[in-house]
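Asks: Using the sequences and the hints given, assemble the complete structure.
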Amino acid sequence: DAGITQSPRYKITETGRQVTLMCHQTWSHSYMFWYRQDLGHGLRLIYYSAAADITDKGEVPDGYVVSRSKTENFPLTLESATRSQTSVYFCASSDGTKYPHFGDGTRLSIL
Amino acid sequence: KQEVTQIPAALSVPEGENLVLNCSFTDSAIYNLQWFRQDPGKGLTSLLLIQSSQREQTSGRLNASLDKSSGRSTLYIAASQPGDSATYLCAVRNQGGKLIFGQGTELSVKP
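Sequences listed follow chains A and B, in order. Reminder that position 79 of the first sequence reads as 79 in my numbering, one-by-one numbering, no gaps. Reminder that position 29 of the second sequence reads as 29 in my numbering, one-by-one numbering, no gaps.
A hint or two may mislead.
[Stated by the list, open to error] Heads up, simulated PhoX-like pairs for lysine-lysine below, C-alpha to C-alpha not over 20 Å straight-line: (1) K68/B <-> K11/A; (2) K98/A <-> K68/B; (3) K98/B <-> K1/B; (4) K70/A <-> K57/A; (5) K68/B <-> K98/B; (6) K57/A <-> K42/B; (7) K1/B <-> K42/B; (8) K98/A <-> K110/B; (9) K98/B <-> K57/A.
Calculated directly from the structure, the hints in this document are not laboratory data.
Replies: As structure tokens, this is what we get:
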């Protein structure tokens with residue numbers, strides 16, 4: 001089935017560790033996004049990508065790295081996780097003309 | 001820098017009431033404005049998308065308006081039902097594809 005899949009759904013890790021959150025979409029959408037959602041802050045844009053090999057910073061990019069070597073994948077890496085990065089992370093994709101489709105989210109806890 | 005604000009942060013109404021949710025944005029150079037719904041613990045579901053050249057969009061009991069010059073949008077929900085209880089988010093998209101969200105309005109419709 002066509003869709004957008006995030007993995008893992010839940011992750012617990014320790015400070016200082018590297019963590020990679022995966023996002024895969026089957027529509028060949030050109031745009032992909034990563035957001036974090038925290039109480040009191042709504043959804044904040046971390047990074048977005050307009051096409052393969054094109055990425056740009058959002059509102060809160062510090063501490064995160066992204067890559068997009070293939071159109072369908074947009075992994076998000078926390079190079080050295082900190083407690084402040086505990087959050088729910090959402091990936092989304094869009095063809096640029098219509099509303100984006102969101103994944104179910106990854107709940108990340110950093111101890 | 002685009003900033004999106006939603007008022008009120010929370011709203012509780014009795015079933016059957018008509019209600020209005022507000023969204024304001026600071027930069028009027030938008031490509032489109034979108035309204036989403038989020039149920040607890042879930043991802044986002046798109047509701048309405050208004051292109052920058054449009055004034056309003058309607059879907060069933062929902063009507064969204066856009067006044068780009070004043071940086072405002074409203075989401076009107078007619079004859080509210082308990083199933084409408086959720087968090088409603090607005091987001092603005094710029095020409096480059098960046099999609100910025102407000103913090104959301106948490107709606108509770110009491111039977």
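Asks: Each hint needs a verdict: does it hold in this structure or not?
Replies: Structure-based check of all given hints:
no.: 1; hint: K68/B <-> K11/A; result: violated (41 Å)
no.: 2; hint: K98/A <-> K68/B; result: holds (18 Å)
no.: 3; hint: K98/B <-> K1/B; result: holds (11 Å)
no.: 4; hint: K70/A <-> K57/A; result: holds (18 Å)
no.: 5; hint: K68/B <-> K98/B; result: holds (17 Å)
no.: 6; hint: K57/A <-> K42/B; result: violated (25 Å)
no.: 7; hint: K1/B <-> K42/B; result: violated (29 Å)
no.: 8; hint: K98/A <-> K110/B; result: violated (33 Å)
no.: 9; hint: K98/B <-> K57/A; result: holds (9 Å)
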